[in-house]
Amino acid sequence: MLRAEQISKSFEKDEPLLEQVSFAANPGRICVIAGETGSGKTTILRMLRGELVPDAGRVWMGGQDLRRLSAQGKMQLLRKVAMVHETDRLLDDKTVIENVALPLRIMGIHGAKLTERVEQVLARFGLSRLAYRFAGTLSAGQARQTAFARAVVAWPQALLADEPFAHLDRPFAHRLVRILLEHAAEDQMSIVIATHHLDYLPASDRIDHWQIVHTRLMHVEEAHENVGVLFSTSHS
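Numbering (the working numbering), first residue to last: 1 to 236.
Because the hints were derived from the structure by calculation, they are not lab data.
Just so you know, even glycine gets a beta-carbon here, dropped at the ideal spot from N, CA and C.
Please note that the accuracy of each hint is not assured.
In silico lysine to aspartate or glutamate, EDC-like type, Cα no more than 16 angstroms apart, as pairs [claimed, not checked]:
1) Lys80 with Asp187
2) Lys113 with Glu98
3) Lys80 with Glu51
Pairwise CB distance ranges, derived in the manner of DEER restraints [unchecked claim]:
4) Leu114 with Asp92: 30 to 40 angstroms
5) Ala24 with Gly136: 35 to 45 angstroms
6) Val53 with Ala24: 17 to 27 angstroms
7) Val53 with Thr87: 20 to 30 angstroms
8) Tyr132 with Asp55: 46 to 56 angstroms
9) Arg129 with Asp199: 41 to 51 angstroms
10) Asp93 with Gly28: 32 to 42 angstroms
11) Gln20 with Lys94: 39 to 49 angstroms
12) Pro171 with Tyr132: 43 to 53 angstroms
13) Glu5 with Thr137: 41 to 51 angstroms
14) Lys94 with Gly126: 15 to 25 angstroms
15) Ser128 with Asp92: 13 to 23 angstroms
16) Gln20 with Arg206: 44 to 54 angstroms
Input sequences plus hints: build the corresponding full structure.
Spelled out as C-alpha coordinates, the structure:
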(Lines of atoms letter the chains of each structure in order from A and count residues from 1; the text may use other names and numbers.)
(Lines give C-alpha, C1' and ligand atoms only; values in the text may rest on other atoms or scores of the structure.)
Protein backbone atom coordinates (compact mmCIF):
# COMPACT_ATOMS: atom_id res chain seq x y z
CA MET A 1 0.00 0.00 0.00
CA LEU A 2 1.11 3.56 -0.76
CA ARG A 3 0.22 6.23 1.76
CA ALA A 4 0.84 9.96 1.91
CA GLU A 5 0.69 11.50 5.38
CA GLN A 6 0.33 15.30 5.62
CA ILE A 7 2.79 15.93 2.77
CA SER A 8 3.44 19.49 1.59
CA LYS A 9 5.57 20.89 -1.22
CA SER A 10 6.59 24.37 -2.37
CA PHE A 11 8.75 25.39 -5.31
CA GLU A 12 8.42 29.15 -4.87
CA LYS A 13 9.05 30.88 -1.54
CA ASP A 14 5.84 31.49 0.39
CA GLU A 15 3.76 29.95 -2.44
CA PRO A 16 2.83 26.38 -1.47
CA LEU A 17 1.83 24.05 -4.29
CA LEU A 18 0.50 21.33 -1.99
CA GLU A 19 -0.40 21.50 1.69
CA GLN A 20 -1.05 18.66 4.15
CA VAL A 21 -1.98 16.10 1.51
CA SER A 22 -3.06 12.75 2.97
CA PHE A 23 -4.49 9.70 1.20
CA ALA A 24 -3.95 5.97 0.82
CA ALA A 25 -3.77 3.84 -2.33
CA ASN A 26 -4.95 0.40 -1.29
CA PRO A 27 -4.17 -2.93 -3.00
CA GLY A 28 -6.72 -4.01 -5.58
CA ARG A 29 -8.03 -0.47 -6.09
CA ILE A 30 -7.43 2.58 -8.26
CA CYS A 31 -6.91 5.95 -6.60
CA VAL A 32 -7.62 8.86 -8.96
CA ILE A 33 -6.13 12.29 -8.28
CA ALA A 34 -7.79 15.00 -10.34
CA GLY A 35 -6.78 18.60 -10.77
CA GLU A 36 -6.11 21.35 -13.25
CA THR A 37 -2.82 21.63 -15.11
CA GLY A 38 -0.16 22.83 -12.67
CA SER A 39 -2.19 21.93 -9.58
CA GLY A 40 0.40 19.44 -8.30
CA LYS A 41 -0.82 16.06 -9.59
CA THR A 42 2.53 15.09 -11.09
CA THR A 43 4.33 16.40 -8.01
CA ILE A 44 2.33 14.00 -5.84
CA LEU A 45 3.32 11.09 -8.09
CA ARG A 46 6.97 12.11 -7.95
CA MET A 47 6.87 12.24 -4.16
CA LEU A 48 5.21 8.82 -4.03
CA ARG A 49 7.99 7.47 -6.23
CA GLY A 50 10.74 9.06 -4.16
CA GLU A 51 11.90 11.42 -6.92
CA LEU A 52 10.96 14.44 -4.81
CA VAL A 53 11.18 14.78 -1.04
CA PRO A 54 8.20 16.47 0.67
CA ASP A 55 8.95 19.68 2.56
CA ALA A 56 6.85 18.21 5.37
CA GLY A 57 5.01 14.96 5.98
CA ARG A 58 5.81 11.38 5.06
CA VAL A 59 5.34 8.88 2.25
CA TRP A 60 4.89 5.25 3.23
CA MET A 61 5.15 2.15 1.08
CA GLY A 62 4.42 -1.29 2.45
CA GLY A 63 4.60 0.10 5.98
CA GLN A 64 8.02 1.70 5.46
CA ASP A 65 8.72 5.42 5.72
CA LEU A 66 10.73 6.46 2.65
CA ARG A 67 12.53 9.16 4.65
CA ARG A 68 14.02 6.58 7.01
CA LEU A 69 15.44 4.31 4.33
CA SER A 70 19.02 4.35 3.11
CA ALA A 71 19.59 5.21 -0.55
CA GLN A 72 20.01 1.53 -1.33
CA GLY A 73 16.95 0.55 0.70
CA LYS A 74 14.84 3.17 -1.04
CA MET A 75 16.06 2.01 -4.45
CA GLN A 76 15.16 -1.61 -3.69
CA LEU A 77 11.72 -0.66 -2.42
CA LEU A 78 10.94 1.65 -5.33
CA ARG A 79 11.77 -1.06 -7.84
CA LYS A 80 8.34 -2.35 -6.87
CA VAL A 81 6.72 0.89 -8.08
CA ALA A 82 6.03 1.05 -11.83
CA MET A 83 5.41 4.30 -13.70
CA VAL A 84 3.53 5.15 -16.88
CA HIS A 85 4.24 8.66 -18.14
CA GLU A 86 2.11 10.90 -20.33
CA THR A 87 4.38 9.89 -23.22
CA ASP A 88 4.74 6.15 -23.68
CA ARG A 89 8.56 5.98 -23.81
CA LEU A 90 8.57 2.72 -25.75
CA LEU A 91 11.58 1.44 -27.66
CA ASP A 92 10.35 2.11 -31.20
CA ASP A 93 12.87 -0.24 -32.84
CA LYS A 94 11.74 -3.15 -30.65
CA THR A 95 8.60 -5.22 -31.01
CA VAL A 96 5.67 -5.09 -28.63
CA ILE A 97 6.67 -8.38 -27.04
CA GLU A 98 10.26 -7.19 -26.61
CA ASN A 99 9.11 -3.97 -24.95
CA VAL A 100 6.79 -5.80 -22.57
CA ALA A 101 9.39 -8.44 -21.69
CA LEU A 102 12.09 -5.90 -20.87
CA PRO A 103 11.36 -5.46 -17.11
CA LEU A 104 11.43 -9.23 -16.62
CA ARG A 105 14.76 -9.54 -18.42
CA ILE A 106 16.20 -6.78 -16.23
CA MET A 107 15.06 -8.80 -13.20
CA GLY A 108 16.88 -11.86 -14.55
CA ILE A 109 13.72 -13.76 -15.50
CA HIS A 110 14.04 -15.77 -18.70
CA GLY A 111 12.75 -18.90 -20.39
CA ALA A 112 9.33 -20.40 -19.77
CA LYS A 113 8.50 -18.14 -16.82
CA LEU A 114 9.12 -15.02 -18.91
CA THR A 115 7.19 -16.37 -21.89
CA GLU A 116 4.20 -17.40 -19.80
CA ARG A 117 3.95 -14.07 -18.00
CA VAL A 118 4.40 -11.95 -21.13
CA GLU A 119 1.82 -13.94 -23.08
CA GLN A 120 -0.61 -13.65 -20.17
CA VAL A 121 -0.25 -9.87 -19.98
CA LEU A 122 -0.39 -9.39 -23.76
CA ALA A 123 -3.62 -11.39 -23.89
CA ARG A 124 -5.22 -9.39 -21.10
CA PHE A 125 -4.41 -6.10 -22.81
CA GLY A 126 -5.57 -7.38 -26.21
CA LEU A 127 -2.07 -7.17 -27.66
CA SER A 128 -1.42 -10.79 -28.66
CA ARG A 129 -2.00 -10.14 -32.35
CA LEU A 130 0.39 -7.18 -32.23
CA ALA A 131 3.18 -9.01 -30.39
CA TYR A 132 5.64 -8.82 -33.28
CA ARG A 133 4.76 -5.33 -34.49
CA PHE A 134 7.45 -2.71 -33.97
CA ALA A 135 6.43 -0.20 -31.32
CA GLY A 136 7.13 2.69 -33.67
CA THR A 137 4.28 1.56 -35.94
CA LEU A 138 1.58 1.44 -33.25
CA SER A 139 -1.39 3.75 -32.94
CA ALA A 140 -1.66 6.00 -29.88
CA GLY A 141 -4.05 3.58 -28.20
CA GLN A 142 -1.95 0.52 -28.98
CA ALA A 143 1.17 2.27 -27.69
CA ARG A 144 -0.60 3.20 -24.47
CA GLN A 145 -1.76 -0.39 -23.98
CA THR A 146 1.81 -1.58 -24.53
CA ALA A 147 3.17 0.93 -22.01
CA PHE A 148 0.73 -0.31 -19.36
CA ALA A 149 1.45 -3.95 -20.19
CA ARG A 150 5.16 -3.31 -19.73
CA ALA A 151 4.48 -1.52 -16.44
CA VAL A 152 2.50 -4.36 -14.84
CA VAL A 153 4.36 -7.37 -16.25
CA ALA A 154 6.91 -7.59 -13.40
CA TRP A 155 4.28 -7.80 -10.62
CA PRO A 156 4.80 -4.30 -9.12
CA GLN A 157 3.23 -3.52 -5.76
CA ALA A 158 2.12 -0.14 -7.07
CA LEU A 159 1.56 1.53 -10.43
CA LEU A 160 1.60 5.30 -10.94
CA ALA A 161 0.16 6.79 -14.13
CA ASP A 162 0.52 10.45 -15.14
CA GLU A 163 -2.24 11.68 -17.51
CA PRO A 164 -2.63 8.23 -19.10
CA PHE A 165 -5.68 9.16 -21.18
CA ALA A 166 -3.95 11.72 -23.41
CA HIS A 167 -4.76 11.06 -27.10
CA LEU A 168 -7.30 8.34 -26.21
CA ASP A 169 -11.05 8.40 -26.78
CA ARG A 170 -13.42 7.76 -23.90
CA PRO A 171 -14.56 4.20 -24.79
CA PHE A 172 -10.94 3.10 -25.22
CA ALA A 173 -9.99 4.67 -21.88
CA HIS A 174 -12.90 2.89 -20.16
CA ARG A 175 -11.72 -0.48 -21.50
CA LEU A 176 -8.16 0.26 -20.41
CA VAL A 177 -9.21 1.15 -16.86
CA ARG A 178 -11.28 -2.03 -16.58
CA ILE A 179 -8.22 -4.07 -17.59
CA LEU A 180 -6.19 -2.25 -14.92
CA LEU A 181 -8.85 -3.05 -12.33
CA GLU A 182 -8.52 -6.74 -13.24
CA HIS A 183 -4.75 -6.57 -12.81
CA ALA A 184 -5.06 -4.66 -9.55
CA ALA A 185 -7.38 -7.31 -8.13
CA GLU A 186 -5.38 -10.30 -9.39
CA ASP A 187 -1.94 -9.03 -8.34
CA GLN A 188 -3.13 -7.01 -5.30
CA MET A 189 -1.54 -3.93 -6.83
CA SER A 190 -2.22 -0.33 -5.80
CA ILE A 191 -2.81 2.04 -8.73
CA VAL A 192 -2.66 5.84 -8.61
CA ILE A 193 -3.81 7.79 -11.68
CA ALA A 194 -3.29 11.55 -12.02
CA THR A 195 -5.64 13.04 -14.59
CA HIS A 196 -7.98 15.87 -15.46
CA HIS A 197 -10.07 13.51 -17.66
CA LEU A 198 -12.52 12.41 -14.98
CA ASP A 199 -15.15 11.49 -17.56
CA TYR A 200 -12.72 8.94 -19.01
CA LEU A 201 -13.12 6.71 -15.94
CA PRO A 202 -15.80 4.01 -15.84
CA ALA A 203 -18.07 3.75 -12.82
CA SER A 204 -16.64 1.31 -10.27
CA ASP A 205 -16.79 0.88 -6.51
CA ARG A 206 -13.06 0.08 -6.64
CA ILE A 207 -12.09 3.55 -7.87
CA ASP A 208 -11.46 6.19 -5.19
CA HIS A 209 -11.74 9.80 -6.37
CA TRP A 210 -9.70 12.70 -5.01
CA GLN A 211 -9.27 16.21 -6.31
CA ILE A 212 -6.83 19.05 -5.68
CA VAL A 213 -8.52 22.30 -4.74
CA HIS A 214 -6.39 25.30 -3.76
CA THR A 215 -3.32 23.28 -2.63
CA ARG A 216 -5.44 20.74 -0.71
CA LEU A 217 -6.49 17.21 -1.65
CA MET A 218 -10.18 16.52 -1.04
CA HIS A 219 -11.93 13.15 -1.13
CA VAL A 220 -14.94 13.02 -3.43
CA GLU A 221 -17.71 11.10 -1.68
CA GLU A 222 -20.35 11.59 -4.34
CA ALA A 223 -21.11 9.05 -7.09
CA HIS A 224 -18.90 9.06 -10.18
CA GLU A 225 -21.56 10.74 -12.29
CA ASN A 226 -21.29 13.89 -10.15
CA VAL A 227 -17.50 14.09 -9.93
CA GLY A 228 -17.05 16.01 -13.17
CA VAL A 229 -19.66 18.56 -12.12
CA LEU A 230 -18.11 19.03 -8.69
CA PHE A 231 -14.66 19.43 -10.14
CA SER A 232 -15.66 22.00 -12.75
CA THR A 233 -17.73 24.08 -10.34
CA SER A 234 -15.05 24.11 -7.67
CA HIS A 235 -12.80 26.07 -10.05
CA SER A 236 -15.40 28.37 -11.59
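Structure-based check of all given hints:
1. Lys80 with Asp187: 12 angstroms, holds
2. Lys113 with Glu98: Between Lys113 and Glu98 the Cα gap is close to 15 angstroms, so the pair holds against 16 angstroms.
3. Lys80 with Glu51: 14 angstroms, holds
4. Leu114 with Asp92: 30 to 40 angstroms: 22 angstroms, violated
5. Ala24 with Gly136: 35 to 45 angstroms: Hint holds: Cβ distance 39 angstroms, inside 35 to 45 angstroms.
6. Val53 with Ala24: 17 to 27 angstroms: Holds: the Cβ-Cβ distance is about 20 angstroms, inside 17 to 27 angstroms.
7. Val53 with Thr87: 20 to 30 angstroms: Taking Cβ atoms as reference, Val53 and Thr87 lie about 25 angstroms apart, which means the hint holds.
8. Tyr132 with Asp55: 46 to 56 angstroms: With a Cβ separation near 48 angstroms, Tyr132 and Asp55 satisfy 46 to 56 angstroms, so the hint holds.
9. Arg129 with Asp199: 41 to 51 angstroms: About 29 angstroms separates the Cβ atoms of Arg129 and Asp199, which means 41 to 51 angstroms is violated.
10. Asp93 with Gly28: 32 to 42 angstroms: Holds, since Asp93 and Gly28 (Cβ atoms, about 36 angstroms apart) stay within the stated range.
11. Gln20 with Lys94: 39 to 49 angstroms: With a Cβ separation near 43 angstroms, Gln20 and Lys94 satisfy 39 to 49 angstroms, so the hint holds.
12. Pro171 with Tyr132: 43 to 53 angstroms: 27 angstroms, violated
13. Glu5 with Thr137: 41 to 51 angstroms: 45 angstroms, holds
14. Lys94 with Gly126: 15 to 25 angstroms: Given a distance of about 19 angstroms, which is inside 15 to 25 angstroms, the answer is holds.
15. Ser128 with Asp92: 13 to 23 angstroms: 20 angstroms, holds
16. Gln20 with Arg206: 44 to 54 angstroms: Given about 26 angstroms between the Cβ atoms, the range is violated.
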